[in-house]
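Please build the complex by placing chain B on the supplied structure of chain A, with the hints as guidance.
Number of protein chains: 2
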Amino acid sequence: MIRHAVCLDLGGTNLKGGIVSDRGEFSHHQSLPSEVEKGPEQILHNLKTLASILLRDAEKDSIPIQGIGVSTPGIIDTDFGGLTGGAVNLPGWQNTPFMKVLFEEFHIPVFAHNDVTATALGEAAYGAGVGRNHVIMASVGTGIGGGIIINGKLYEGATGYAGEIGHIVTFAGGHMCNCGVKGCWEEYAALRGIMRTTQEHLDRDTRRESAIFSTRDKEEELTPRIVFDAAREGDRVALNIVDEIGSNTAVGLGSLINIFDPDMVIIGGGIAEAGDIYLNAIKTHIPGWSLPDSREGVEIVLAKLGSKAGIFGASALVFGDINRYMR
Amino acid sequence: MIRHAVCLDLGGTNLKGGIVSDRGEFSHHQSLPSEVEKGPEQILHNLKTLASILLRDAEKDSIPIQGIGVSTPGIIDTDFGGLTGGAVNLPGWQNTPFMKVLFEEFHIPVFAHNDVTATALGEAAYGAGVGRNHVIMASVGTGIGGGIIINGKLYEGATGYAGEIGHIVTFAGGHMCNCGVKGCWEEYAALRGIMRTTQEHLDRDTRRESAIFSTRDKEEELTPRIVFDAAREGDRVALNIVDEIGSNTAVGLGSLINIFDPDMVIIGGGIAEAGDIYLNAIKTHIPGWSLPDSREGVEIVLAKLGSKAGIFGASALVFGDINRYMR
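First to last, the sequence lines map onto chains A and B.
So the first sequence is numbered by the working numbering: it starts at 1 and just counts up by one.
So the second sequence is numbered by the working numbering: it starts at 1001 and just counts up by one.
Hint data in this document are derived by calculation from the structure and do not stem from the laboratory.
All of these numbers come straight from a predicted model, not from anything done at the bench.
All the given hints hold, so there is nothing to weed out.
Computed, partial: chain B to chain A, Cβ under 8 Å: (1) 1155; (2) 1164; (3) 1181.
Glycine included, each C-beta is placed from N, C-alpha and C at the ideal position.
In isolation and in its complexed conformation, chain A is listed as follows (with noise of 0.2 Å):
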């Protein structure tokens, strides 16, 4: 028989929902706005908004409701029923059981994951790593976070903080990252270290002939996604930062590779957005950081789900009887 989830995703802006198969079958799609401003109490509000009206959908069309997933910033304590450590930019969640009230209020096993992690079950179940049993996904954005797969199941480590990959020493001694460490590789191969490469080429470009300097002269603020594209556009200055990108994310990579030997590498997060350019470029620069029999028979690629990898990790959550809030 096929299994059904209702499944949420909460993001900063948007909090996302819909009902998903255990074959990955996506429908009746929902969206309300996050208002993460308006404090805890109304993101609350919002997530059993959402989880009604799709369970009264699935009510309608006579489907069983297996669970609720839910994907969310910050670490879940499945004893308390919500997180209670923090999450970034959504203060006061740590003090929210919401996996308890979502399920005192619609009695239906309620799970939920670090929304890092389910994006990486949710690739590696239906997006690019069905099939694979030994899965790394790393997503780049602000920071590196990290999914960790193997034998086709998701590794939390001994305490659940496992995955942290951003936070590998690729740099020991360089710039400090946000953690305190200096070197850490997200400080390089994430955003703030794209744009600190994109700065230190243009102080040292003299020509000033790069579409970059255009912007930036305007006034208008640069992003990673000017840099992708004046490259793209074949600009000489861009194609030397989108390589030095890809050799700084590289040096993680090859080091995830050379300690677990997994089958499959995904990139996924906002700056895996850029697409082939920055995919290839990474591509071209592992050879030079990782060990040629642990690299053998790996495959590279992005992320496929996009913005639904969300939804689909939280069905997998449910699927897969992982982080079942324990009443």
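Just chain B now, kept in the frame of chain A:
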């Protein structure tokens, strides 16, 4: 019923063997010279000789033997029944299907694995890691080998090459590693790195009061042992060197802790024979190279089994049905 295995540990100098029970009782210790210099036929002959001695002893003492476990340098191919890739210091060994030969000779299941991996299994099952589920073992010697135990089981990756932790790139762009990559962890934290650090400190030290100088001036070869011994005596220069060794080692271990969130990290190998002064230098620097949430609760300890870890590891292969020769 207690199970028993005949266990062989093939090293560059000696071939060691014994009978190990699944409760970790070790008996019937035997040792032969490996005679590596006489080539693979002689090594194979010695392996067979030691196995037959131990099997005869077992029969005499009415101990039923479940299997033969072998710890050897190199990467095992269980289809071939030996190594298909090379092993440093064992020329020709990659063409010797020793597992097949032992099986056909004694008609007992034969299991074999890489020595670093076997050592990690031995420490996890019968040494420092007893009762731990998520264990990272780092064997620090000429390089740094790794063993990854996840959910109580050996993690080998998609193609058997997982655990190349010595080649995490911690100092990207730094000193050239034997593998061709600039900045691998083992180039800083293993033998060559320790001796380079020592040399740098000696070069900088104008007072020339350190005991290490007198050793060097006598044209004796400098070794890590001399440095650690001097540090233990309170030698100022040696203490600074050991502190830097501790930091260089903690960079990689901190990264592994952030990735795996293990419950234990075991440090073994020749360098770890320096003991507590080495361990404490590493532990001092772990907070500087890891996240608080990830390192909390991780115990960092020295290996316990010493030169017997390979034999115990060979028994773990047999009892865990790992890397069985498939005839």
